[in-house]
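J.: Sequence:
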Amino acid sequence: MKKKLLFVNDEMVMGGVARILCNVLKRFDLDKYEIDVLILHPHGELLNEIPSGINRIQSSDLFNAVDVNLKFAVIQRRWKAVFNKLVFLFYMKTGLIKSLIKRERKKLLHKTYDIEIAAKEGFCTIFVANGDSKRKINWIHIDYSAVNYSSHHMDIMIDSLSHIDLNIAVSKRSKDAFRDLFGVSNIVSIRNLMDISGLKEKSLETCEIVYDSDCVNLVSVGRFHPQKAMDRLIHAMRSLQETGVKVHLYLVGDGELKADCEALAKRLGVYEQITFTGSKRNPMPYIKQADLFCLPSLYEGYPTTIIESFFAGTPVLSCDVSGVHEQITEGVNGWIVDNSQEAFISKLTEVAQNPNQLKSMRKSLVDYTYDNDSIFKEYVNAIEGQL
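By numbering that gives the first Met the number 0, the letter at position 160 of the sequence shown is numbered 159, and the numbering carries on one by one without gaps.
The set of hints was computed from the structure by calculation and includes no laboratory data. You may find that some hints are simply not true.
Stated by the list, open to error - Only pairs whose alpha carbons sit at most 27 Å apart, straight line, appear in this in silico DSSO-like list of lysine-lysine:
1) 245 to 346
2) 31 to 133
3) 257 to 2
4) 201 to 133
5) 376 to 171
6) 31 to 3
7) 84 to 101
8) 3 to 101
9) 70 to 97
Stated by the list, open to error - Beta-carbon label-pair distances, calculated as ranges:
10) 384 to 26: 12 to 20 Å
11) 88 to 111: 24 to 32 Å
12) 204 to 162: 55 to 63 Å
13) 213 to 99: 53 to 61 Å
14) 31 to 386: 12 to 20 Å
Please read these numbers as outputs of a predicted model, since none were measured by experiment. Even for Gly, the Cβ is constructed at its ideal location relative to N, Cα and C.
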């Protein structure tokens, strides 16, 4: 008899969590598992990448408020969204959200699951914890020592975690931080699963832009969001401009801070040296053409863009965030610097002035491998309770 699995995620916007969820779903043997996916707020570019054979359950409008940014909703004068978010926050603050979840689950879900997985920590955890599935898993993608998204509803989160059978963190640092903050012992770390064949195919696609070979070409891929600190790269371009090194930066992505970053680039006089490409379904050709991939984030869980860069043959300069020490070998395929704007700019200036070292690193990445099979086996053993 097939085991019944339910994955619960909040959204499917272009980014690490949604992409990794799709990677995992593709690997399951559908002769052994009957898999449903519930996207609480069903929007995002990756909705259509949920694999065939996976049943997608229609959500309730009540959960659309989960991902609404209250500040930006007010700025944009989206008053209905503001009202719904305030109601949602009231339910969270009072604990009434648990009753609401149980009521909505009865409407949405019409079977009992053997295993239910919160694909993202936070509200998905609370949703899964307040269900009746036989085994409950919580997937942690962020470093809680850097940011605590549950700070305003710690009581509900702690109560929910008491109903979770296993927590899976994507890196050692994120595991330690989550354990220390919430006092859980039932936690393991398992690296993210990658779509290796897909990455290789995507890297062969033609890029819409041909990079200038006379420049040191830098690239970064991500949302324009405070977490991603894209403004650090724009300030770095100003510093590089002063050294006389010919550099061009490609920023691949979209988000609420994109306009602010474009304005900053104009104000600093580096707008002509930066290409804002917007969101791209396939960023691999942009990464492949670059001499260096830059990760200036304030915090991460296990940044999969590093692995993507390595498969594209591009070395990485990263701030010290969760998950990078498991991926980058210092001076071999990249560098890790202290998580500050000053340290990042200093190292980037040094690296940009030594293009021969970047060329040497690119050659060393030709033989890069990633052990997907053992990672997926570890993941299946974890959710099945066989660790």
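J.: A separate judgement is required for each hint: does it hold in the structure or not?
T.: For each hint, the structure was consulted:
no.: 1; hint: 245 to 346; verdict: 16 Å, holds
no.: 2; hint: 31 to 133; verdict: 17 Å, holds
no.: 3; hint: 257 to 2; verdict: 44 Å, violated
no.: 4; hint: 201 to 133; verdict: 39 Å, violated
no.: 5; hint: 376 to 171; verdict: 18 Å, holds
no.: 6; hint: 31 to 3; verdict: 9 Å, holds
no.: 7; hint: 84 to 101; verdict: 19 Å, holds
no.: 8; hint: 3 to 101; verdict: 19 Å, holds
no.: 9; hint: 70 to 97; verdict: 25 Å, holds
no.: 10; hint: 384 to 26: 12 to 20 Å; verdict: 19 Å, holds
no.: 11; hint: 88 to 111: 24 to 32 Å; verdict: 31 Å, holds
no.: 12; hint: 204 to 162: 55 to 63 Å; verdict: 44 Å, violated
no.: 13; hint: 213 to 99: 53 to 61 Å; verdict: 59 Å, holds
no.: 14; hint: 31 to 386: 12 to 20 Å; verdict: 18 Å, holds
Comparing the model with each earlier hint shows violations of hints 3, 4 and 12; every other hint is respected.
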